[in-house]
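Given the structure of chain A, go ahead and fit chain B onto it with the hints provided.
For the record, the sequence lines run as chains A and B.
For the first sequence, this note's numbering gives the first residue as 66, with consecutive numbering after it.
For the second sequence, this note's numbering gives the first residue as 57, with consecutive numbering after it.
Hint data in this document are derived by calculation from the structure and do not stem from the laboratory.
Just so we're clear, the structure is a prediction, and the values are computed from it rather than from any experiment.
Careful: at least some of the hints might be erroneous.
Unchecked claim - Okay, derived cross-link-like pairs now, DSSO-like style, lysine-lysine, Cα gap no bigger than 27 Å in a straight line:
(1) Lys275/A / Lys285/A
(2) Lys393/B / Lys184/A
(3) Lys290/B / Lys189/A
In case you want the letters, here they are:
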Amino acid sequence: MESALLIHRLHFAFAATFHYLFPQLTMGLALLIVVLKTIGLRRNDPVYHEAARFWGRIFGINFVLGVVTGIPLEFQFGTNWAVFSRFAGGVIGQTLAMEGMFAFFLESAFLGLFLYGEKRLSPKAHWLSAVAVFVGSWLSGYFIIATDAFMQHPIGYFTAADGSLQLASFWDFVLNPWAGWQYAHNMSGAAITGAFIMTAVGAFYLLSGKWTAHARIFVKTGVIAGCVFSVLQIFPTGDRQGKMVTDLQPATLAAMEGLFQSQPAAPLVIVGQPNEQQGKIDNPIQVPRMLSMLTYRRWSANVRGLDAFPKRDWPGNIPLLYYSYHIMVGLGTFFVAVMVVALLLLWRGRLFNAGWMLWILMLSAPFPYIANTAGWMTAELGRQPWLVYGLMRTEDGYSKVVSAGNGMFTLLGFMGIYTVLGILFLFLIKREIEHGPLAGHESASNLHPAT
Amino acid sequence: MASLWFWIVAAMIATYVVLDGFDLGAGAIYLIAARTNDERRRVLRAIGPVWDGNEVWLLAAGGTLYFAFPRLYASSFSGFYLPLTIVLWLLILRGIGIEFRAHIENRVWQDFFDAIFSISSILLAVFFGAALGNVVRGVPLDATGYFFEPLWTNFKLGPQTGILDWYTVLTGVMALVTVTAHGSYYVALKTDEDLGRRARGFALLCWPVQFFLTFSTLVATYFIRPEIMANYGKHKVGILVPIVVVASLGVMLWANPKGKEKLAFIASSLYIASMLVGAAFALYPVVLPARDHQYDLTIYNTASGIHGLSVGLVWWTFGAVLAVAYFVFVYRMFRGKVQVGEGHY
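Just chain A, same shape as in the assembly:
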């Protein structure tokens, strides 16, 4: 039984983590592509249109992988988490179905037009199709966040006679306050990924001395967006998200921060290893009183530690939760630092020649992926031991009819296929980057002489 639970959890965690590597970039790029298209349209500048087309191709490859790795998640609610679906489907089915009806149709219909219809559409209509893709992908994000928000902080439901949850108030459920801040925080995180990737590719081209006109647009757009969203990521979205965890999931907050004992004037641990056996942080570097200030806005406030909660309600894997959270926050701080310096250099007109900074911007490309993954791990590990907070425990929600062996078989199968997908993806992205922002023209004229 234990091993079946673990395998079903790993199954979903693996599929969701791998999947989210792609939408975080497509959601971020969708916004930046609209920006590029808008500037291109207003200034009638072909370089901006070429830039948008280049990022459209990168978007297209990512989108395919996002779609094919996303379908398994919808299925897994039923295949691997049948008991949970039976329990909560009457409520969360609303947002899952709405995602299909409102977001996927919009996104898929207009992505085809955006990628393949530029010649058939007027420039304005093509711009509109980019906007539609942006709206579709960001709507999709909201429906998923609203679903997750119900699992984090269930509201708007009632318990029916058969024990299942059913919808009581649509608006309470859809406008869950948890969803609002989590959405803002998550989408800003996606925009950071988009901005860092755009900047990194631009920096790579500048350092290689290729396509410098396009590269400058990439770096400029990426740095401005990166700076705005890195700041928004910490304040207000991250701050408010933390406040919500404090109020609604106090045990989670204690585990995230590594606070084992309740105390007034609690310090904020910056670095240190949680020691579960002795209930303390080893080798801590901490800021006195800071945690009290951040959570309750008072230097002397009492913060409840893990000892205030029964052990069976503690998140199951405290070290992993603690490290995920600290990696997320650490990287978030790093993003602000990098982007503020880059923006200053850009403002002074020195960025495009500052080789050291371009190197930093290029090598930073993987970090937003790590930060977004660590953020989601914080949210979902922090919810443990609950599947639906306070209502259903994770150990009660998986499909009892699917044995550990069958679960292991399909998990390994997915790992194999996703490894191949990952290699293919990197290979194709490498080619697109090598071919550069003008590749579309070359292939249209050189490769298909028959036309």
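What follows is chain B alone, placed relative to chain A:
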């Protein structure tokens, strides 16, 4: 209210099969009907801008099923764990087969992705048909409301059935032939010259097989589940289903050789829709029959709460109108025979 949602979900599934059916079918004939690189690119261009949108109907139908009948979703998806996982793998392979082929102008690379696309299309059609066969035949549900089916047992219809037995293999083959014909009509409609002619030839070859399988599947279904006819006896409107099925088969036979590709394609769409609606009509109000009928899952014991279903009707109607509008718009944008040398693929 639950009945209304039963028909909404049935209609969405039928829409999915009609739409994704033609790109699955295009995949099934792809390796043989489209021989040169140029022809293959034309097939891909014919389905390229729409296949992803078509597949969204599967996701949207799945999401709506989850929303309206969560207990059905829970029982069937966990019970069909193994075949659904294989379906997922095939969907992944097929998606990258279509999309990644064009990225590299290398013959080996393209042949490889061509094969992936075609084989996964064929297997998906068989699996979807077998899935429908399982639903009609019934599964070993017990008092807990759950079941688990192995991929196959002894290919007989005993109490412990497998996903594949002689009946579901028959429905799987039937589905493959149906979408092959459907895809052939679509390719014939969207392309010309040799490719269009070969697609028409394929459709012509499929027709007698499809005709024969339609009737043998009906006989087999009556043989394994005689109660399937009960609704047809009770509600006279059911007579429309066999009329539309026979009429659309007739139109396909007549229109295809005359070069009326659009009419043949519409008839094939009607055929698929009426076969599926006919199956839904026969099952209603059961949504997943058990081998032991006291454990049948019906719309009554699987539906969501009434408030949720009522609220859903508001946004669903709104969403469906939008979705249909997008589809009409996109299909109009890409209407007509595909041109070479435009866009990706």
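Consistency of the hints with the structure:
1. Lys275/A / Lys285/A: Since the Cα atoms of Lys275/A and Lys285/A sit roughly 16 Å apart, the hinted pair holds (cutoff 27 Å).
2. Lys393/B / Lys184/A: Holds, at about 16 Å.
3. Lys290/B / Lys189/A: Measuring from Cα to Cα gives roughly 56 Å; hence the hint is violated.
Figure legend: structure checked against the earlier numbered hints; the only hint not met is number 3.
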